[in-house]
Amino acid sequence: MDLYLKEVRMENFKSFGKKLTVPFFPGFTAITGPNGSGKSNIADAILFVLGPKSSKTMRADRLTDLIFNGGKKRKNPAKHCKVSLVFDNKQRKLPVNSNEVLFTRMIKRAPLKDNPTNYYTYYYINEKSSSYSEFMEILLHAQISGDGYNIVKQGDVTSIIEMGNVDRRRIIDEIAGISHFDNDIKKAENEKEETDTNMDRIQIILREIDAQLKQLKNDRDEAYRYKELQEKLEENKAKLAEKKKIEINQQIAEINQQITSYKEEQNTLTEKSNIIKTQLKEKQKELKEIENHIADVGGEEVNDIKKQIDSLREEEIKTVERINYAKDEIHDLKEDLKTQEQRLDQITTDLSETEQNHENITEKIEELTQQITEKETAYKELKDRIAQSDDQSIDLSKEIAELRETFENTTNDLHEKKLSLQRLTEQLNSLDETIADLQETKTTYEFELKDIQWQLSERKKAHGEQRKQRKKLEQNLFEKKKQQAELTEQLNDVDNQIRSLQQQKAKLEAEYEAISSVHQKYNRAVNQILNARDTKQLQGIHGTIAELAQVEPAYKTAMAIAAGGRMQSIIVEDDQAAAKAIHYLQKRHLGRATFLPLNKMIAGKPRGKALMTVKDEHAHGFAIDLINFQDEYRGAFWYVFGDTIVVDSLKDARRMMGGVRLVDLQGSLIEASGAMKGGSKPKTQIAFGEADRTKLDEVSNELRNALTHQEQLQQHIQQLKQEITDIENELGTMDPASVSEHELQDISVRKKTFQTKKEKVSNQLQGKQDEYEALTQEKNKLTDKITALQKTLESLDEQKQQKGKRLLSKTSKEDAQEARDLENTIAELKDNKFSLNADLQGITKQKELLEQQQQERSEKITEIKDEIKQHQTDRTDLTKKREEFTEQIQTLQQVQEQMSDKIKGFTTKRDTIYKDTVDLEHQLDKITTRVESYYDLVSRAKYRLPTLEDALKEINDQLEVYDVTVDTNNLPPVDSLKHSIQLVEENMRELEPVNMRALEEYDHQLNRKQKLDEDITHLQEQRYKLIDLVDEITKKKEEKFYKVYHEINKNLKEIYPELSEGGEAELKLDNPDNLFDSGLTIKARPRGKKVLLLSALSGGEKSIASLAFIFAIQHYDPSPFYVLDEVDMFLDGVNAENVSRMVKQNALDSQFIMVSLRKIALKEADHVYGVTMQDTGISDMIGNVDPNSVGPKGELAIAGA
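Under the numbering used here, read the sequence shown as residues 14 to 1214, first letter to last.
Hints are computed from structural coordinates only; laboratory data are not their basis.
Hints may be right or wrong, so weigh each one.
[To be verified] Distance condition first, Cα-Cα at most 27 angstroms in a straight line; then the derived DSS-like pairs of lysine-lysine:
no., residue 1, residue 2
1, K955, K939
2, K290, K520
3, K878, K894
4, K939, K276
5, K893, K294
6, K939, K347
7, K431, K860
8, K628, K664
9, K966, K250
10, K301, K928
11, K298, K928
12, K285, K518
13, K708, K301
14, K1038, K1022
In this text the structure is predicted, and so the values were computed from the model without any measurement.
Please model the entire structure based on the sequences and the hints provided.
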């Protein structure tokens, strides 16, 4: 036998008031005993563990009645009872890895104040806590149950006899699992019913959507037309913007062109100004020289006057410098003023836009407020109209109004809380960064302290030799650093010298370029050669005759006429340099030039006639001797002048002419051949020495030498730095203990400093962490409040929606739709208003900031204007003061002239030079004024640019917003575009108001309709499937029923003849066509009698038929063991014997435990137990009972033993 019940252990169960173990064996075991002894309690104990939830099955009103009550005297009643069933599981029929499986159930009293009969139930498997479901799962695996026919109680046989035919059929239903089929059918039918409900609901929604689509179609068509007009409007506006963009770009290009032109003219004037400044310096130098000469010749009084003039001149120069300073300040302040005014204009523009935005948003908020008021009034009127339908609607309207007010208040509160949360989050983020910084600082200090501690520890290990070595290195380091400092100081001096030389060079180059470009009107070829020289394209070019010589002013005209076109001759190093220069001109087609190679030029000697003529008293000398140049150039200058002689006048020249070349001081030229050239003074712009490069070359050489010296110093300093680094590295590698006592003190001071810093940072860190913790807690509380408010809002919204639906359900569809539309509109308007209020707050803050900036800029502009005015006043006063100095100088000069005839010629020349100086100053003032005017013109032009650029940016932003591609090649005129825009806007106004949401709403409703149509199709398919499923399950249900029915009927037909010794029996359905409304009848024909229904049989015959039906069921659904409780009670001896024999036969395959009073049953049993009742009212068991010793009422011969 694969599985059998091995033991039943009872403790305080019913009449078994102590612990008792009843062993069982495979086969047939009988239990007997007198009535009331408690023998059936063993079957109840087995049933108790196997799990029926009803105590009635175990013959008790409630489960606590199963606990031992104390016996007859009710002495010491138990507080719990426990029953264990032990199964032999060697074949592992139970899914537990154990040879024995112990199932235990215990109930324990646990009275409560309000429930004195309260108890708890406990389950154990192999002494481990378990659950009822786990119990059932394991037992059912082995087909053991307390609800089947494996345990047959006293009333079960009678119940089958007395129950109705339908109830009897339900026994087959239960065995066949029909209830599962019924559950599946019910589930499918419920789903089908739900599907039908959903389909009806969707059909209602679809009808509403169809009605909405008809209404929305017109709105959508208008919206499409309006949208097309909008797109056309944007396209026309984009074209207009592109047109404006082109115009603005043209204006910007024109302004930039103007700026370029102004700057070019400004540069030209600046160059001219530089030239005049150079001339002015020369005149001032000449003036100073001649005044010194006058002072020397004139005596002490004249010298005193000169000193007064010099003093006045110095004051005049200081005054000029102050005037120039005032002019520079005025210029700088005007530039600053323009900048400030531009910024003020921008701020004013931004403020104007902000104020306009503020005004626009305020107007929009007012419009929205008015719209909300109108919509809420309309909504209230609609609700009132709806509410008037009945009292319930009135109450609902009031409740909805209250809910709406609460909802709005809660929403406002939530918004405030969210703003507070945002501020807290920002504070926490800032604190988080601060804490991180403080922690990093604290870590740094801790590291420093560890490092200092390590240094102190290491330095205390030092000894004398190391200190000496360190001292030597430190001395060496000191010397190196001292040397480095000296060299660095020299380098600074050299740097200053280089800057000074660079400034001189730049100034000389500017003067040279200015002079060269304005006064040296060389031909094209000469200019190109000089440019090639300056750009280092040609080597060996010294310069022109004009620029390599210096001539006294008295001889400038004469020398220039004498030299003539040869002034443009170019002196070169040698004939190779000349050849390269000629090739350079030929290759580039630049014209021709004369080159004078120094290695080939030979200085000649004056002719005899010339030597005689030069001795004349009106002859000044040979021209070549009256010009200053370097000796190496003599051959070149001989080529230019030869033995030309300079004389006083043409009259003198005529007297001396013939065989000699002469030139007078006024520029008349008489050739040796006798040819005479003269007339008015030529307008040539070429002059000697005006563009001399000597000084420039000297400064350039000095600069090169200074740069070389700078490089040498830098290299030396770099070498010293490396040596210092090596010494410092060597010092660093030495034991730090070699430091001095002073250094140790310094380290100790550093340690205390860092300890103080660390403590301070720690305190700050703790404070910030505490603050962070407090803010975090506050944030958490605020978050909880926000969550609670959100839940409250959800709840309020749900209540509002539910009450709204209830209210709308009581009115017409039109009013309901209108109410929904109004609700949506009001909600949308309030959202917009809420958003605009938030924008208004931001714009208000921006407006306040711009107003503050505007005030600051205005004050700054006023301050600058006051400064300009003050400088202009100073400039006017200083100009007057300068005029006074000039008048005083002129007066003293006149006095000076009257004091001595010796200086009269000099004073005339001085006056001429002074007049030239004043003229140059006036010219310089005019040019400076013009340069400043160009500064103003450039500034004004630039001032216009930001406005145009802003306008251009604004147009570009507009074009980005329009997001329209425009063909800029075929743009209509501006007037045409404006007219088109006007027409489109008029058409749009005619269509307004337009429900633009109809576009989305129509598509939304259309998509919704399509989805619902799909849902209908799907639900229809689902409905058909559910109908098919019900049919299929019903078919399977019938098939299963008939299978079980036929098997049990077959078993009945085989078992009944054995029990009745030849009779016949079968099962019959009352109404096979309507199976599950039919009843089940047992028809039996006892031996020798006719076929009768169960109700027509005698008592014993009924019991036999009922038992045969039970055995037939057991044969269909076999169990490892069976318990039969006095099933032979109402049988006569013959039938009882037949039943016993059948149990004996069945016990070969399964374990049978049978409670019986019949000796025949006891004799057939393999094992017989007896149950007796003691005087205390406690049942007891007796093993190996002899059937012959049992009385007719179950009395045991050894009872009480």
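Hints, one by one, checked against the model:
Our distance criterion of 27 angstroms between C-alpha atoms is met by K955 and K939, whose separation comes to about 24 angstroms. With a C-alpha separation of about 12 angstroms, the suggested pair K290 and K520 falls inside the 27 angstroms cut-off, and the hint holds. With a C-alpha separation of about 24 angstroms, the suggested pair K878 and K894 falls inside the 27 angstroms cut-off, and the hint holds. For a cut-off of 27 angstroms, the pair hint linking K939 to K276 stands: about 17 angstroms separates their Cα positions.
Our distance criterion of 27 angstroms between C-alpha atoms is met by K893 and K294, whose separation comes to about 23 angstroms. Restraint check for K939 and K347: satisfied, since their Cα atoms lie roughly 19 angstroms apart, inside the 27 angstroms limit. The straight-line distance between the Cα atoms of K431 and K860 is roughly 25 angstroms, inside the 27 angstroms bound, and the hint therefore holds. Only pairs whose Cα atoms come within 27 angstroms are accepted, and K628 paired with K664 is accepted, the gap being roughly 16 angstroms.
Restraint check for K966 and K250: satisfied, since their Cα atoms lie roughly 16 angstroms apart, inside the 27 angstroms limit. Taking the CA atoms of K301 and K928, the gap is about 14 angstroms. The hint holds against a cut of 27 angstroms. For the hint linking K298 to K928, the alpha-carbon distance of about 14 angstroms falls within 27 angstroms, and the restraint holds. Proposed proximity of K285 and K518 is supported: the alpha carbons are some 19 angstroms apart, at most 27 angstroms.
For the suggested pair K708 and K301, the alpha carbons sit about 22 angstroms apart, so the restraint of at most 27 angstroms is met. Restraint check for K1038 and K1022: the C-alpha separation of about 24 angstroms stays at or below 27 angstroms, so the hint holds.
When held up to the earlier numbered hints, the structure conflicts with none and fits them all.
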